[in-house]
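Build out the structure end to end from the sequences listed, making use of the hints.
Number of protein chains: 2
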Amino acid sequence: MQILTKIDEVRRELDKACQNGKKIGLVPTMGYLHEGHLSLVDTARQNADVVVMSIFVNPTQFGPNEDLARYPRDFARDEKLARERGVDYIFYPEVAAMYPEPYFTYIVTEQMAKVLCGVSRPIHFRGVTTIVAKLFNIIQPDVAVFGQKDAQQAIIIRQMVRDLNFPINIIVAPIVREPDGLAMSSRNVYLAPEERQQAPVIHRALVEAVRAVAQGQTNAGEIAEQIRRTILTTPLARIDYVEIVDDRTLLPVKIVAPGTFVAVAVYYGKTRLIDNISLKEREF
Amino acid sequence: MQILTKIDEVRRELDKACQNGKKIGLVPTMGYLHEGHLSLVDTARQNADVVVMSIFVNPTQFGPNEDLARYPRDFARDEKLARERGVDYIFYPEVAAMYPEPYFTYIVTEQMAKVLCGVSRPIHFRGVTTIVAKLFNIIQPDVAVFGQKDAQQAIIIRQMVRDLNFPINIIVAPIVREPDGLAMSSRNVYLAPEERQQAPVIHRALVEAVRAVAQGQTNAGEIAEQIRRTILTTPLARIDYVEIVDDRTLLPVKIVAPGTFVAVAVYYGKTRLIDNISLKEREF
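These protein sequences, in sequence, are chains A and B.
Under this note's numbering, the letters of the first sequence match residues 5 to 288, in that order.
Under this note's numbering, the letters of the second sequence match residues 5 to 288, in that order.
Please note that a few of the clues may not be correct.
Derived DSBU-like pairs: lysine-lysine, alpha-carbon spacing no greater than 30 Å straight-line [to be verified]:
| # | chain 1 | residue 1 | chain 2 | residue 2 |
| --- | --- | --- | --- | --- |
| 1 | A | K26 | B | K258 |
| 2 | A | K27 | B | K10 |
| 3 | B | K20 | A | K27 |
Bear in mind the hints are in silico, worked out from the structure with no lab data behind them.
Please read these numbers as outputs of a predicted model, since none were measured by experiment.
Here it is as structure tokens:
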């Protein structure tokens, strides 16, 4: 495994791979790796010959009052985990290399970026789409793998790729959970022991919703209400949103239909956790 | 010369060229070709093995009260001119192929898009950067050639390429003028005979400014004032702006320095003409 920090280096290394007809798979991350990220490496490996992981805590996707400064970082540990999992290259650039002054250009996805997490994080998805497009142009992967945990992010990136005609295949890999159901997240380390103990209720509430739908419930308002009630049985929970939406447009739905999923964001203390689950799969 | 209308076709054709190690040069246009466009073909030819011209009147760069519907179009003539000049491929897509519904993604360049032409055309450059990024991703050129006539556009595209790390070399080719100095533009056909007769004053005013600087004038305010006075000697002229700015930031300058240029927009009747000239070259 090789660690590349300069954009020119990446171009030089990966041009070689490309000229040998090898397919390049990209796993973009902000580091502080957990099994969720590493499962994306496996997916990339299954779909490409060369696996590149980027590790970059992207400042433009954090709002002024968010956790950019205290976002957990441990490059030595990340390096070890990535190597053990079979990553070929880590791209680990500095902020000044990614956002040289003066910097002006952003990619916006209009209303898709303004719903769900976009309500409380108005510049978040603009930062995500911008850094992902930059990584696409630097690494020029054939395939890029994102986690289903960040459902809105994955949907927005798919839309960006379609709208801007990036010649890249986007794969979304399933959520990886702790044994008690809590979705893995680098931010879980923020949780105090009591918060950590209560947080798995989020997943339980989502599974309840799936069960209700299986039993014939189709009313999105009632499903959302039940999820809220279940989550609020844990006294430390503060709900940011529970939304039932379409997996392509992110618009709210009233009646469960193919493509409908629930997305939730819940605070425990200062820690904001997100999770989601499909209520009815699309048929292809 | 081959005419391609489908995105898939372009990918298939140009992948072949790319795999043969050939360099691809792109000349993006809105058609209704004149010698200005064709000079860009020559520049592309000098810098690439395969020359692709796109012809697409891009709806997203026209405001609601602008001339999208009446923008001049003549594909048969364009085809003939492009063929004679040695274009290898014309990419001539339909609007529905470039902007399939639902469409959400745009590229913005913040304050660079809000000055000069951006004041009267607030969504124009968002449309330009978006369509150019799409063409870059579809055609994947090594080199793309733009005209200096649209100076703000060229500067914004250079900035977008740098900011988003597109692996593409941008070349800006000089303005081509009619014998009387009027900058060539597809919109010149809109001009009534009297308007056409008066419009060359724009270039004369710019040349006067260059002469004043050569004689020691450095005060941007005085230079702009003199340009305005000269243009307004033609009774049909209505000035949109005369601005003296830096060629990287597009910010106004007070004292002429390396990189300073004048950009002007002038209406004759309903026709808005733009032009520009460098007052002091950068030294490299």
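Which of the numbered hints are not met once you compare them with the structure shown?
Those not satisfied come down to hint 1.
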